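Q: This is what each chain is made of:
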Amino acid sequence: MYSLSYRRASSVEEARRLFKEASDAAYLAGGHTLLPAMKQRLAAHDVLVDLGAIADMKGIGVSGDGLTIGGGVTHAEVAGSQEVKGAIPSLAALAGSIGDAQVRHRGTLGGSIANNDPAADYPAAALALAATIRTDGREIAADDFFTALYETALEEGEIVTGVSFRIPETAGYAKFRNPASRYPMAGVFVARHKDGTVRVAVTGAGNEGVFRWSEAEQALSGNFAAEALAGLSVDPDMMMGDIHGSPEYRANLVAVMARRALGSLGSAEAII
Amino acid sequence: MSVEGIGARVARKEDKRFITGQGRYVDDMSVPGMKHAAFVRSPHAHARVGAINAEAARAMPGVVAVLTGAEMAADGIGNLICGWMIHSKDGSPMNMGAWPALASETVRFVGQAVAVVIAETKSQARDAAEAVEVEWEELPAVSDVLGAIAEGAPQIHPEAPGNLIYDWEIGTKDEVEKAFGEAAHVTRMDLTNNRLIPNAMEPRAALARYDAADDHFTLWTTSQNPHTARLVLSAFYNVAPEHKLRVVAPDVGGGFGSKIYIYPEEITCLWAAKKTGVPVKWTGDRSEAFLTDAHGRDHVTVAEMAFDANNRITAFKIDTIANFGAYMSLFSSAVPTYLYATLLSGQYDIPLIHCNVRAVYTNTAPVDAYRGAGRPEATFVVERMMETAARELSVSPAELRRTNFIREFPHQTPVIMLYDAGDYEASLNAALEASDYAGFAARKAEAQRRGRLRGIGISCYIEACGIAPSKAVGSLGAGVGLWESAEVRVNPVGTIEVLTGSHSHGQGHETTFAQLVASRLGVPLDNIAIVHGDTDSVQFGMGTYGSRSGAVGMSAISRAIDKVEAKAKKIAAHLLEASEGDIEIADGEVRVAGTDKKLGWHEVCLAAYTGHNLPDGMEPGLKEGAFYDPANFTFPAGAYVCEVEIDPETGHTDIVQFVAADDFGRIINPMIVEGQVHGGIAQGIGQALLEGCVYDEGGQLITATYNDYAMPRAHDLPSFRVSTTETICPSNPLGIKGCGEAGAIGSPPAVINAITDAIGNNDLSMPATPEKVWRALHAAGGGLREAAE
Ligand SMILES: Cc1cc2nc3c(=O)[nH]c(=O)nc-3n(C[C@H](O)[C@H](O)[C@H](O)COP(=O)(O)OP(=O)(O)OC[C@H]3O[C@@H](n4cnc5c(N)ncnc54)[C@H](O)[C@@H]3O)c2cc1C
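These protein sequence lines map, in sequence, to chains H and W. The letter at position 183 of the first sequence is residue 249 when you use the working numbering, and the numbering goes up by one with no holes. The letter at position 257 of the second sequence is residue 644 when you use the working numbering, and the numbering goes up by one with no holes.
For the record, the hints were derived by calculation from the structure and aren't laboratory data. Computed from a prediction, not measured in an experiment: that's the story for all the values here. Glycine is no exception: its CB is placed at the ideal position from the N, C-alpha and C atoms. A hint or two may mislead.
[To be verified] Simulated restraints on C-beta separations: (1) H:Glu217 to W:Ala829: 52 to 60 Å; (2) W:Glu524 to H:Ala109: 26 to 34 Å; (3) W:Lys631 to H:Arg107: 36 to 44 Å; (4) H:Gly332 to W:Ala813: 48 to 56 Å.
Kindly generate the complete structure, drawing on both the sequences and the hints.
A: Here's what the structure looks like:
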């Protein structure tokens, strides 16, 4: 790691100010993506602004049709939250399936969303649950938020303060893990919303990152069950390929995981 | 069996310090004035090293020195050696290219060091290493072994035309060919043994200090064999004379073979410590470990086995190409020859064997012995062949093995080895029973109803351990003897220190070795200390690898105990006015058998040291040493049964049962032995399902982090069911065969045999990733259908 200064902010405003004052700052949340990259000298920042002490970014609350989770809430807190389990059990399931216990106790929702790793779990939930990403200055629809691999609609210095997920009628999550990294090689989040719309979001597999699988959404609109997906597949040309899985294999996994997600509706345990 | 002696499940004495964070590893060491090293490494797989501009780096904060390969060569530091001479079948010696610790002309793999920066802090050293500018002239590279021997491949070393290191053979080619001509059935397979990266928990590290007053060096290093390190560093690398160099290998966090070798970093740290006048420490990070630790395996093989009409093997023919990487590591040449081809008879009575091995350079990290070293590769070939032949011959895999088992001992194989003892039927029976092999069909049917494909696979392995009679290995080309030494020092109060040339880096020697002493001299474990890993305390040692510390290291201790016992009995006989033959030592007492005449053990020890009343002419003191050279290799063997379930939609393999029945000869501490077997099986399952080192065509390491290199984790593994059968090894005084590598040797073919059984397609390479299994299943057609029915 290159030498750097560490600052801890106690409010969102202070974090922004500290960020602006430095020449090449980065926000530090759980550090489970940022710090490994810095240790390997793949990233260098002169200042780290720690968001961990900002009270406004903690907290989980249900209001009306929305479940709002602070950007600084850890995966373990989401997985263990009675509110989350009550409102959207499959979101608790997803959070509880991320990485391992250490990762879940450090990694945060805001960090995961802001990083937009093409294999991260949360982006699938954000898309399928028609989430609204709340930042220090505005609200961004999830559909507009994840723009490309590791890229988001966030502007320089903008902070994800929280995410509001629309509470669905029912939802489910299934994923297949990469044997090495244990991130999803294909993760599919399915949700039927109270207005009858269906959303299907796929992470880990697409060559442009998380995406909504519209054919599956249409097929499931009439019949929200695995058999409605029979014969449906994604185009391998749109899939990632690497030593762990070719595009064809990932395309197969997407179809399989979509079917399995429909078998996990309402469960607080992800199908893995 | 006493509660502490041979055969007792004594909790490991060393674990308290390990699990409470009190272990002392090289990186925990600190000496006054110590600075830190960082290496400048090649980003290219093959390149000419041009000008090295270190001006900017030298001016950076904290930098003490930047040293290059040219300076090292000018100081007369020798090139790295390979300690085992192999001759090609045409009689020519192996073609070995030069390997300087810091390259000054050419680099041949990504990560090879060309310069070192010494600075106040580790960070400063790294910052400056990045600022060293090297003019690279990239050369064409080749990373795979078949590409390297193909026409027109890039030439890696001038000394090795066509990248061929040696073309070696063993066995009788003509007779084998004749037997194939008369065969009733021939089984033929193409087999790849995947390349592995060792991944010891503790990365390699070195701390070197030069004391100008005494002209003396100390090196603390992560070594499995500190004396060999000292010998090689002085005799060949010219960094320090042997009597002026102390090598200490303190607590070492795993080795698996990768810490046998003397690497460029240790040599560089020693040389730099004298050159700069400051102690120099280097601790590798995980990325350096991936790039520069000696990798393991990496064989491409064609095997053919001939059977007669009674399903008896009549001949076995093997053609193997072994990837050595860019340089010949210390024992690399022995691995695919004397540690591999000599085990190709397996547990079977095979009258004729011929094996040809070509060793080949590629632009990848050097490859050397890794847990099992040659024997996992041999076992994979033999046991995949047996299972496949059984399928082709439509006989049960267990039956085909039984038909061919060796049943009389000693048994001379056609490939050098003289098996001294074993009962292969007994371990197979034990494994089949423990795994309820007979009930498999019902379990398979039940799995099918759940949409899962269930398969079962057997592996009957044999290995050769102890490595080995010095005379024998010398005649085969080894540069060193492979005996072991020990010293048993009894203190005047009766407590005991045992100095051993074995080195523990996870094996639990502090416990098992003490159990042997406790058994023999009746002293409580707490009164026994095991000293190892320091060339200043232990006179000499060959170190720990090849599952040799029990069979050879403890045998040396046993021989030293014999001498201590004899002298103690003489003293006691003198003091008790009895005859020496009537004295027995047990339970802390030295007694005259059949009488109530006795002395405390401590009284005899004290008498030895006061010297007040010793037999005439006896020297005072009670301290004896022994050098033990084994009479033969030892031959641990066993049977493993693996049962898997495959998810046909994803190709994911679940190991639902794994049974091991091993014959390790006499067992000192069953709990430690089980731990060794568990770890070995985990590594073997890792090789079979998960681990695979991948370089791209240009020689860049793709699997350079845990994001891409899949290590086995607890949830990939079932609860192993291990047991032992016992035939005592006749070749050493303790009857021990060795257990350190068996799990890693025996398990991979059991896993692949089980998966191929489940999916009905025998064409499956390791690691059997979900995608490979899924593809093999669909290539076989009907996997899905079958499961759905
Ligand atoms: C071993 C391991 C396994 C893992 N497995 C998985 C897995 O299976 N699935 C999965 O989804 N993830 C996995 N992760 C990633 C983990 O969930 C990360 O912690 C997470 O993606 C990033 O969150 P963080 O809080 O650690 O962010 P950090 O690492 O602190 O930050 C990540 C990036 O986001 C920025 N950032 C952080 N917070 C904010 C914010 N509130 N607003 C704006 N920008 C911000 C940072 O500046 C940085 O650029 C794994 C990580 C590890 C180390």
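Q: None of the hints should be skipped; say for each whether it holds.
A: Verification of the hints:
Range check, glutamate 217 (chain H) to alanine 829 (chain W): about 54 Å between beta-carbon atoms, so the 52 to 60 Å window is met. Separated by about 30 Å at the C-beta atoms, glutamate 524 (chain W) and alanine 109 (chain H) satisfy the suggested range of 26 to 34 Å. For lysine 631 (chain W) and arginine 107 (chain H), the Cβ-Cβ distance of about 38 Å falls inside the hinted range of 36 to 44 Å, so the restraint holds. Judged by the Cβ atoms, the range 48 to 56 Å given for glycine 332 (chain H) and alanine 813 (chain W) holds: they are separated by roughly 54 Å.
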